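With the hints as a guide, bring both chains together as one complex.
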Amino acid sequence: MSETNRNRLMLVIAILMAAVYLFPLYWMYITALKSGSEMFATPPSFWPSQPQWDTYPFVWESRNMGRYLWNSLVIASGAVVLITVLGVGCAYVLARYRNVWVDIGLFLILMLQVLPASLMITPIFVGYSQLGMLNYPRLAVIIAIAAKSMPFFVVLVRATFMAVPQELEEAALVDGNSRVGAFFNIVLPLARNGILVSAILIFMQAFGEFVYSKSIIQAVELQPASVGLNSFMGPNTNEWNRIMAYATIYVTPILAIFVLLQRRIVSGLTSGAIK
Amino acid sequence: MKRLLSSIRDGRGFDIVLVTFPLGFLLLMAGLPLLYNVLMSFQEVDMFSLGTFWRPFVGFKNYADLFAQPETWPILGNTALFVVGSIAGQFMIGFGLALFFWVNFPGASWLRGLFLVSWVMPGLVVGAIWNWILSGDFGVLNFILRESGIISGNIFWRSDPNYSLYAVIMANIWLGTAFNMILLSVGLASIPGDLYEAAELDGANAWQRFWTITLPMMRSTIGAIIALGLIFTLQQFDLFASITSGGPNNSSNVTQYWAWDLSFRQYDFAKGATISVIMIVFVMIAAIVYVRSTRHEVRG
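Those protein sequence lines, which keep their order, are chains A and B. The opening position of the first sequence corresponds to residue 1 in our numbering, with each subsequent residue numbered one higher. The opening position of the second sequence corresponds to residue 1 in our numbering, with each subsequent residue numbered one higher.
Among these hints, one or two may not hold up.
To be verified - Some chain A residues close to chain B (C-beta under 10 Å, calculated; not the full set): (1) Phe-23; (2) Met-204; (3) Tyr-246.
Claimed, not checked - Label-pair ranges, simulated between beta-carbon atoms: (4) B/Asp-194 x A/Ile-257: 37 to 45 Å; (5) B/Asn-162 x A/Pro-43: 32 to 40 Å; (6) B/Arg-292 x A/Ser-35: 49 to 57 Å; (7) A/Ser-62 x B/Asn-249: 31 to 39 Å; (8) A/Pro-57 x B/Gly-59: 58 to 66 Å; (9) B/Gly-24 x A/Asn-135: 18 to 26 Å; (10) A/Tyr-136 x B/Phe-100: 20 to 28 Å; (11) B/Ser-49 x A/Glu-61: 25 to 33 Å; (12) A/Arg-98 x B/Ile-285: 20 to 28 Å; (13) B/Ala-88 x A/Ile-13: 22 to 30 Å; (14) B/Phe-53 x A/Leu-16: 55 to 63 Å.
Worth flagging that the hints you see were computed from the coordinates, not collected in a lab. Since this is a predicted model, take the numbers as computed values, not measurements. Built from N, CA and C at the ideal position, the CB exists for glycine as well.
Extracted from the complex, chain B is given alone in its bound form (with noise of 0.2 Å):
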């Protein structure tokens, strides 16, 4: 007994006790959860048998169900391009903004930290101003558009079908560039200048050098990028919830919002927790991309 409290005051039990607590509770409060999803996506649940673990099983039926309804795959599709759409955005705006930043003059990384209050807002207040940007009749996006002549009707952002999940793009690349360019900014930065300067003795111009030094040498980085991009947008929610509801008749569900919707408005846990077992498996091998592409850094 004596040695053991002497080893958590003094030797390798301290570590282990600090590890063990926190590692524990993130078993027991996240990893436990992920298998019981697994578990119910197997079983029968409905309010009567929500309040026990011994639910009947019902093997593959849950999964099966989920692919005979109609909407199954125009909602993953919605998702993919979701996916496509925000991450392809918040990319090319974020890089396009991050090189613009790479040049340095005086005031360049205060500017450049200012775009990050996009990051920090609470989504539900970036859904709510979209909301309002994105109104049919009096929302100024469509003033903007409508007055630089690129539409001549009102574009009914969230209530048009054809729209709604672009809506819904738009707000998400907006919260996630300035992420984006961050992070870019900080591959740039360590990017070796003598690089670029022997480059320039031997007659690079300015297109070759990016693509011969800045992209290879961004590989990682870029790669990482993309693999946050990926579980980032699959983890937004907020902006579903506060600007189209899923709505109009699913033209803008995601997998996402839709498991939610299974199970909190129409209470089948069991489809919701089938569609978040398939959606976490996808979670996992974006995770597992972007352990790969920063496991230099993970080894130290």
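Excised from the complex, chain A in its bound form (with noise of 0.2 Å):
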């Protein structure tokens, strides 16, 4: 077999790997688009015969999905925020120096990043109440995000920093420069895409939280996307060309950012996670 011939066969069991392993997310979108009764059709239509597009705005008006969106996105862009501001300057410091301090820290930030947040839950909500923190629910949630997920990002954005060659730098400090002004002026332009793509990592998972909220906000009018998908799932519920519908509208802007900037973020997600 020629070499360009065991590529194509290659390809061709790939692409149907991948569609097997996609399907759950093509009975996404195609359940959507489904009529009450082809929904519940034996044996079920694997492509809609009449699609239901008015589905979508039906869905859209009548869970508010406007309101549990724009809340998703307070939420993660908070976090995403915080964490940065914070997480930057960590991930550089751990970075740049090799001692005893280091490798505790790190091992700090380790230990944090493995705490489940389903466990951790009861003492933050037990403490925020005692604080005070719960009349702002939407920040408690963002506070406790921030600290589920910052580990994480420190770990993806010391492996950039540790990418950039200390020599530069070192360069820019001979030529007068202060150590405020080399990290702004050479160290982090250097970085700045491994530290985007780890940012949008972190937006995507809060973007998607589900724990802190569900605990945290009880108010309606706060709560975000995944909270309200969870009370549109009824115990009994038949309204599943509905529920797909919400499921679509929410997660298609995230794997559209996902396909776009798939490349970089898997690099990205595999130079900081393990090597």
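Rendered as structure tokens:
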């Protein structure tokens, strides 16, 4: 078998495997377009006979999705800003030095990274309620997400800083830059892409966050889209086409960002998580 | 004062300022709750004492009560099954895919990256999709299994106590496989190619090369991925909330969902804290394994 034929065969198998793997996603998009009766047909149809496009505006209106998505956006943006402002400097220092203190700091950060949110929510909720932070529920969720996700961000961005040659910073210092100047003018611009990709990863995570929002935010008008989806799915629901339409609206922007930046996200993810 | 300012602008002070605020924030917002959790597990916490720090201490009563409950051991067993099943599935499928994509062909890395969409999707959305796929009468999974002759009658994945945990495991395997595959691919790519050339010259077949080169060279990667898998599996909450809610009758309940359920559904914060403490110990052990297996990277 020639090289090109083998490549073609491999590509076909790979596409088939990707198709099988991504079938749940396809099923979401297809179900959202089915009518109520077609959805429960046996055998199920794998292509909608009459696509019901007006399910989307109906779900958007009736479930108040604009408000939910806005809250998700506020929470995710707030968490990303807080994490970036605090985390970049921390990652820089942890990348610049090699000593026992850095090891201890990294160890602490990795330990805090692994705490499951659903186990930490009990003390966080009780503590926040004692401090009166439950009166500002979205801010409380932003802080909780930041404390949860910052270690991951620091680990990723640290890998980016490690790739910036230290000689460049030293040259800037010799040329009369202060440490602050060298950091902002030389190091930060060089690490910009890595920081951006890590921030996008954090944003996608925070955009789908559920445990903290569900437990901390009681007022419906402040809840994010994940909590909205959860309350849409009652125990005996049969509105699956509408739920899938909700899920489609919620997840498509994230998928679009991911497909556009796929290569960078994958390489950024792998550089930090494991070597 | 002036020296302090100039140190912050142009000396060690700069590093110290950069690192103090984030670490302080983390210790305050993640470390302190951790200690508070341990404290609460030794206290009597009810709706009336929720607002005060000085609650009556009860020693190990919460722990004793917890293990006296009939559902505790089954739920711990479910957790073990969930962890082992999820990690085994994710790892084996992920390793298979990583080995397949390791053979370099045009488009391999792009297609491989595409698998990761399962990982970037919100857990609630993944749960909603699988909830619908696994539906008993109209679920597409039952249809496919029936048509291919694997089952004769419908399986009620979400409401049959014999299957409910496996329903969540299935969804979780789907969710985590891509992440495993990507990390394993990185490990595979770092094995020097001349090792294989040498082995081929010595007449080793593909099977022998896999067992004598690939697996031993991947040992630290595999250790790190298993440990990461354990950490991620114990963090999985969204799928339980969106597929089975731990039911029916706790048959698909696991500790990380139970802890939340105790605190926020039954308002038994002390028990919720107690089970959290127990599970956090397990997670910490996994984290230490993970840190040890990536230590050469951590030290740079």
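Hints, one by one, checked against the model:
no.: 1; hint: Phe-23; in the structure: 9 Å, holds
no.: 2; hint: Met-204; in the structure: 5 Å, holds
no.: 3; hint: Tyr-246; in the structure: 8 Å, holds
no.: 4; hint: B/Asp-194 x A/Ile-257: 37 to 45 Å; in the structure: 39 Å, holds
no.: 5; hint: B/Asn-162 x A/Pro-43: 32 to 40 Å; in the structure: 26 Å, violated
no.: 6; hint: B/Arg-292 x A/Ser-35: 49 to 57 Å; in the structure: 56 Å, holds
no.: 7; hint: A/Ser-62 x B/Asn-249: 31 to 39 Å; in the structure: 33 Å, holds
no.: 8; hint: A/Pro-57 x B/Gly-59: 58 to 66 Å; in the structure: 59 Å, holds
no.: 9; hint: B/Gly-24 x A/Asn-135: 18 to 26 Å; in the structure: 24 Å, holds
no.: 10; hint: A/Tyr-136 x B/Phe-100: 20 to 28 Å; in the structure: 50 Å, violated
no.: 11; hint: B/Ser-49 x A/Glu-61: 25 to 33 Å; in the structure: 44 Å, violated
no.: 12; hint: A/Arg-98 x B/Ile-285: 20 to 28 Å; in the structure: 27 Å, holds
no.: 13; hint: B/Ala-88 x A/Ile-13: 22 to 30 Å; in the structure: 24 Å, holds
no.: 14; hint: B/Phe-53 x A/Leu-16: 55 to 63 Å; in the structure: 59 Å, holds
Consistency with the previously given hints fails for numbers 5, 10, 11, ordered from lowest to highest.
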